[in-house]
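There are 2 protein chains.
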Amino acid sequence: MKLGVFQFSPAFGDKTGNLERIAKVLESAGERIPRGKRANPNVSSFADRRSPSRAAGELQSFSRRVPSRIKAGRAGSLPQAKGAPVRTGYATHRGIPRQSAGKLQKAEGNLVVLPELCTTGYQFLSRMEAFDQSEPVPGGRTTEILSGICRDRGLFLVFGMAERCGDDCFNSAVLIGPEGWIGTYRKAHLFWDEKLWFSPGTEGFPVFNLGFASVGLMVCFDWIFPEAARSLALSGADIICHPSNLVLPYCPDAMITRSIENRVFTATANRTGAEKRGGSDRLVFIGSSQITDPSGEVLVRMGREEEGLSSVRIDPLRARDKRITPKNHLWEDRKADLYTLHPCTEKNGS
Amino acid sequence: MKLGVFQFSPAFGDKTGNLERIAKVLESAGERIPRGKRANPNVSSFADRRSPSRAAGELQSFSRRVPSRIKAGRAGSLPQAKGAPVRTGYATHRGIPRQSAGKLQKAEGNLVVLPELCTTGYQFLSRMEAFDQSEPVPGGRTTEILSGICRDRGLFLVFGMAERCGDDCFNSAVLIGPEGWIGTYRKAHLFWDEKLWFSPGTEGFPVFNLGFASVGLMVCFDWIFPEAARSLALSGADIICHPSNLVLPYCPDAMITRSIENRVFTATANRTGAEKRGGSDRLVFIGSSQITDPSGEVLVRMGREEEGLSSVRIDPLRARDKRITPKNHLWEDRKADLYTLHPCTEKNGS
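Residue numbers (my numbering), protein chains in the order written: chain A, -10 to 339; chain B, -10 to 339.
Treat the hints with care, since some could be wrong.
Note that identical chains are pooled: a pair holds if it fits in a single copy or bridges any two copies.
Listed below are the simulated SDA-like cross-link pairs for lysine to any residue, each with C-alpha atoms no more than 20 Å apart in a straight line [as the list claims (entries may be wrong)]:
#1 -9 / 301
#2 13 / 312
#3 311 / 286
#4 -9 / 120
#5 316 / 288
#6 4 / 114
#7 -9 / 117
#8 4 / 266
#9 311 / 1
#10 265 / 287
Calculated from the structure, these hints are not laboratory results.
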């Protein structure tokens, strides 16, 4: 399969413009699927258009109609798509439903990861502003437009966006494919002022079996907590998809360690550019989007200011071999009973 | 305080020679304490001697008498020294007993970490050979000789050795100080053929409060399991002391991540040189002993073939500030309820 990271600098509040730029780059990422074979020919694709101005027009007139098989979840709960790849565990991989196998062959092998909050920009002035920029998932305009691209190009995408659910707003990573929305992860470890703008996710670290690979989701600051990547790997992730808006320099090297200690692929898509809104500090994002393999080799590392898509061909099943040496197996050698996983204060208090 | 790593290449099976070399280097590490003020003037110090041959003579005639306050533990259990610094939890730091405070002031600030199995070498031909090279802790000759140096030089040492306990043999890290033996960690994650030679430790990752710093112990391959360093940090370790015999290249960079994700100091003492015994593969050790600080800065990194002691002055209390940003606290931000810490197969089976 081909695994890519797409690095750019979204303009704050200009979803249409940001989506145009994403679409333009993704035109080169997937195999164009003839219109007659599209899963839903009624959903137009602005990835067809070569002219940015025509794409913009297409976006503005984009219908907000939601295909019937995608239903909004209950407020507070995290829906998963019916009939689509499902969240799965380490040893319970279930394939794509058989009726989709033909379509998947075309899509197989094209997974692109985009940055955190990639259509809105990062810095909000208030919780209200973040809420205004957020959308339901699935069913919101961003998910639908990007799903259209996935249909047309035979792609799977992981991207970050502000997700609205009832009165709550989450910093989420969304996984979509040629058949639409697959699943969502709501960022659990919120960084700095994100605590003002978003509610923390409360449903853990999900893994989705796409048939050709199992994909786990985490977002940016989750990297500093080794338990996040560990949870994904123990739940069967072959590839950790990691939309990010990194400002500190440590994460790219740390993701090499995450790969080695979990024997998984990682794909960190970071943004470039800078933001300074209101009285906030000016944030400069570090770029350096990266793909690593289960042995810790860096397959892709982009420049600090480089924009665009970098991808590499990988065999995701390499991540299922957890042997470190002929006598060391990553999971069999773990000593879960010996680990202290709460500060001793908690232990003493119980 | 001063924190050091001591890197060298022990000769296989030559404990006397190896201890001589250790003693010679440690002569420069501590403050020489006048003989009249020594905790136990009856225990001679071969660190006094300038001549290696005289030191060797001293070693050969070294009495195996065990000071009465240090008693061997029951087979299978891990004793801890009475009246000495005790294993402690995150929020329950207890200082050194008051009567020792005067002595400690002299010793305070000199902690040196030595490599794994630093008196015997690494490669054994059989479990029997490893057992023959092992010694009880406390009470064995190696612990007593090195304790003598600690008394004379006002030092704390962490070193790796083969520990005998009943019929078992462990790959252990031992912590000693000016008052003798303090505690032991038995390596839990055994690497490759170590599984043939040693029993795995079963008592987890201990932290000892030395008054001026809390010290956690792990050994070599434990680094690849993030739960080991995490357990030590959650149990209150300011400094993770990490005797090693590294042959793979990944650990030094990974220990930077261990520092950042736990906001602790780490001191990895590795060995140099190569070993090839019997029909085994030739192992080349990577040196590169290293000290990192809680922000991930590398304070010391030795060369691949360099031998000797490198040390740096640190403020260990920096490791108790777990704030990452004004709004992010490493422990308060953890979401322990969301982590998956067993492969899903186990979960499904229960």
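Against the structure, the hints come out as follows:
1. Proximity of residue -9 to residue 301 under the C-alpha cut-off of 20 Å is restricted to the intra-copy arrangement: shortest distance 6 Å within a copy versus 46 Å between copies.
2. For a Cα distance limit of 20 Å, the shortest separation of residue 13 from residue 312 qualifies neither inside one copy, at 41 Å, nor across copies, at 41 Å.
3. When the C-alpha separation of residue 311 and residue 286 is checked against a cutoff of 20 Å, the pair qualifies only within one copy, where the shortest distance is 16 Å, while the shortest distance between copies is 31 Å.
4. For the identical chains of this complex, residue -9 and residue 120 are neighbours neither inside a copy (34 Å) nor across copies (51 Å), given an alpha-carbon limit of 20 Å.
5. Taking the closest pair of Cα atoms, residue 316 and residue 288 never come within 20 Å of each other, the shortest separation being 27 Å inside a single copy and 34 Å across copies.
6. Taking the closest pair of Cα atoms, residue 4 and residue 114 come within 20 Å of each other only inside a single copy of the chain (17 Å); across copies the shortest separation is 66 Å, beyond that limit.
7. Taking the shortest Cα distances, residue -9 and residue 117 never come within 20 Å of each other, neither inside one copy (39 Å) nor across copies (51 Å).
8. In the homo-oligomer, the alpha carbons of residue 4 and residue 266 lie at most 20 Å apart inside one protomer (17 Å), although the nearest pairing across protomers, at 65 Å, exceeds that limit.
9. Taking CA atoms no more than 20 Å apart as the test, residue 311 paired with residue 1 passes in neither setting, with 42 Å inside one copy and 32 Å between copies.
10. In this assembly of identical chains, residue 265 and residue 287 lie within 20 Å of each other by CA distance neither inside one copy nor across copies; the values are 32 Å within and 32 Å between.
Violated hints, listed in ascending order, are 2, 4, 5, 7, 9 and 10; each of the other numbered hints is respected by the structure.
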